[in-house]
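Chemist: Taken in sequence, the protein lines are chains A and B. Residue numbers 1 to 338, in this note's numbering, belong to the letters of the first sequence in order. Residue numbers 1 to 171, in this note's numbering, belong to the letters of the second sequence in order.
Simulated from the structure, these hints should not be mistaken for laboratory data. Any given hint might turn out to be false.
Okay, the calculated beta carbon distance ranges per label pair [to be verified]:
hint, chain 1, residue 1, chain 2, residue 2, range
1, B, ARG82, A, ASN26, 14 to 24 Å
2, B, GLU96, A, MET1, 35 to 45 Å
3, B, LYS8, A, LYS36, 51 to 61 Å
4, A, GLY58, B, LEU71, 41 to 51 Å
5, B, SER146, A, GLU44, 48 to 58 Å
Positions of the beta carbon are idealized from the N, C-alpha and C atoms, including for glycine.
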Amino acid sequence: MSWIQGGGLENNIILSSRIRLARNINDTPFPPMLDKKKGADLIESIYNEETQKHMFGGYKFYAMQETSGTDRAVLVERHLISPNLAARDSIGAVLIDRDEVVSIMLNEEDHIRIQALLPGLQVKEALQIANNIDDMLESKVEYAYDERLGYLTSCPTNVGTGIRASVMVHLPGLSLIGNINNILHAVSQVGLTIRGIHGEGTEVLGNVFQISNQITLGRSEEEIVESLIGITKQIIDKEKEARTTLMNSYRMKLEDKIWRSWGIMSNARVISTQESMKLLSDIRLGVDLGVLKNIPIQVLNEIMVEINNASLQKQSAAELNSTELDIIRAETIRAKLA
Amino acid sequence: MHCDECGKRPATVHITKIENGKKTERHLCEQCAVDNNALSINTTFSINDILTGLMNTGNVLPLKMDMSKELKCEVCGLSYSRFKETGRFGCSHCYEVFGDKLDPLFKKLHGNTGHIGKIPNRAGGRIKLAREIDKLKQELNAAISSEEYERAAEIRDRIRALSSKEQGELE
Numbered sequence: 001m002s003w004i005q006g007g008g009l010e011n012n013i014i015l016s017s018r019i020r021l022a023r024n025i026n027d028t029p030f031p032p033m034l035d036k037k038k039g040a041d042l043i044e045s046i047y048n049e050e051t052q053k054h055m056f057g058g059y060k061f062y063a064m065q066e067t068s069g070t071d072r073a074v075l076v077e078r079h080l081i082s083p084n085l086a087a088r089d090s091i092g093a094v095l096i097d098r099d100e101v102v103s104i105m106l107n108e109e110d111h112i113r114i115q116a117l118l119p120g121l122q123v124k125e126a127l128q129i130a131n132n133i134d135d136m137l138e139s140k141v142e143y144a145y146d147e148r149l150g151y152l153t154s155c156p157t158n159v160g161t162g163i164r165a166s167v168m169v170h171l172p173g174l175s176l177i178g179n180i181n182n183i184l185h186a187v188s189q190v191g192l193t194i195r196g197i198h199g200e201g202t203e204v205l206g207n208v209f210q211i212s213n214q215i216t217l218g219r220s221e222e223e224i225v226e227s228l229i230g231i232t233k234q235i236i237d238k239e240k241e242a243r244t245t246l247m248n249s250y251r252m253k254l255e256d257k258i259w260r261s262w263g264i265m266s267n268a269r270v271i272s273t274q275e276s277m278k279l280l281s282d283i284r285l286g287v288d289l290g291v292l293k294n295i296p297i298q299v300l301n302e303i304m305v306e307i308n309n310a311s312l313q314k315q316s317a318a319e320l321n322s323t324e325l326d327i328i329r330a331e332t333i334r335a336k337l338a
Numbered sequence: 001m002h003c004d005e006c007g008k009r010p011a012t013v014h015i016t017k018i019e020n021g022k023k024t025e026r027h028l029c030e031q032c033a034v035d036n037n038a039l040s041i042n043t044t045f046s047i048n049d050i051l052t053g054l055m056n057t058g059n060v061l062p063l064k065m066d067m068s069k070e071l072k073c074e075v076c077g078l079s080y081s082r083f084k085e086t087g088r089f090g091c092s093h094c095y096e097v098f099g100d101k102l103d104p105l106f107k108k109l110h111g112n113t114g115h116i117g118k119i120p121n122r123a124g125g126r127i128k129l130a131r132e133i134d135k136l137k138q139e140l141n142a143a144i145s146s147e148e149y150e151r152a153a154e155i156r157d158r159i160r161a162l163s164s165k166e167q168g169e170l171e
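Generate coordinates for the entire structure from the input sequences, incorporating the hints supplied.
Modeler: This is the structure we're talking about:
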């Protein structure tokens, strides 16, 4: 099930869990050094007549050079590819399964990047899925693997397991009581890192953070996942505490904030991405606390994805300017919340 | 010409900026240019900068750095000095070529220099065997020291079987 549909444990705080495995093919230059011909050969070695039939029957294939800029950006907004792959015009490609749980990026920074993305706190389940895909691919190609260093990757920060395990968390309570920086600092002390919503180098919007492991060498996949889950559970507890404190001490103020945000979101005629992400955070909190009723998590997740520029652009044949985007954004949100 | 900023010292730094098709010119003295950070073009700090920073710490003598420039991967053509600039390997063979030089970097990034996680089935078949043999050897020692000779003999036979399998994989 796609993360957008919601589900999984603790899904009012943990929006999604993700595993990414970086893999490369032996004796083939890494994608940044790969020419067009060899890049195409690499794709062919993974996605060919035989594998289309037996392995990737339920998958959609997108070659970046044949995919429009808008469509690529939509895939980024749905968290199915990285901004880095979207930029790889000539040799990048991706395979995405029907449920949008698995995506296999080809010729990103590494030859193969397997991603498994699930709703809620399901990091172990995502690892299981990614491992199965990994074993399946390994039966077709020979991985670059070193006895001492493990899986060899383009960037030394990924060597060893090649794993990036992450959770996308919504922490409005901690933000409101002003404790978020302490938490983020503490997390960074234990080998984890915090990023914006679309990964490395992206900004934090609407109190949504991505927490992931930093270390990939000298720890097993299971240890890495366990430690991420352990820290995430502590953050969940802290967030719940913050929400209880807010409800006990500032109930009226908090409810007022939530209802005002609801008022703007369900009535605005022109709205920016930043403002809508901020208000969406209040509404999500309102739903979690039972202040707002009858709004499924799926609707909130759909809004979070569909208010982004490329997804809005996709609805219109003509190229939209920023004011037109803001108008369509407001329309989309009103329709979702009606 | 005097400096646009302080109006006192002579302008020696001339900056022409074109932003959104609009051209602006500034004439500054050296002091004001430094104070205003006018000379820093790229203010974003990327992972490459961090990696390069990590690789360049420690007491590396300039002479030694010159020597390392010679180091070059014969598969993809990446030199060690280029690797230090970009922070990216060119291919899997680079790891072998740059060898021990990389350990301090791995130590800084990961706190470790050896992998203990997943082993691929195909490329790792031999490694899996080797790890299993190591484990059995430890068990064998334990059995001998606790004088369980029958068990030791069993373990020894299993090691022999695995070793001959390992030989087969090597050939």
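Chemist: Against this structure, judge whether each hint is valid.
Modeler: Taking the hints in turn, this is what the structure says about them:
no., hint, verdict
1, B:ARG82 <-> A:ASN26: 14 to 24 Å, "holds, 22 Å"
2, B:GLU96 <-> A:MET1: 35 to 45 Å, "holds, 43 Å"
3, B:LYS8 <-> A:LYS36: 51 to 61 Å, "holds, 57 Å"
4, A:GLY58 <-> B:LEU71: 41 to 51 Å, "holds, 46 Å"
5, B:SER146 <-> A:GLU44: 48 to 58 Å, "holds, 57 Å"
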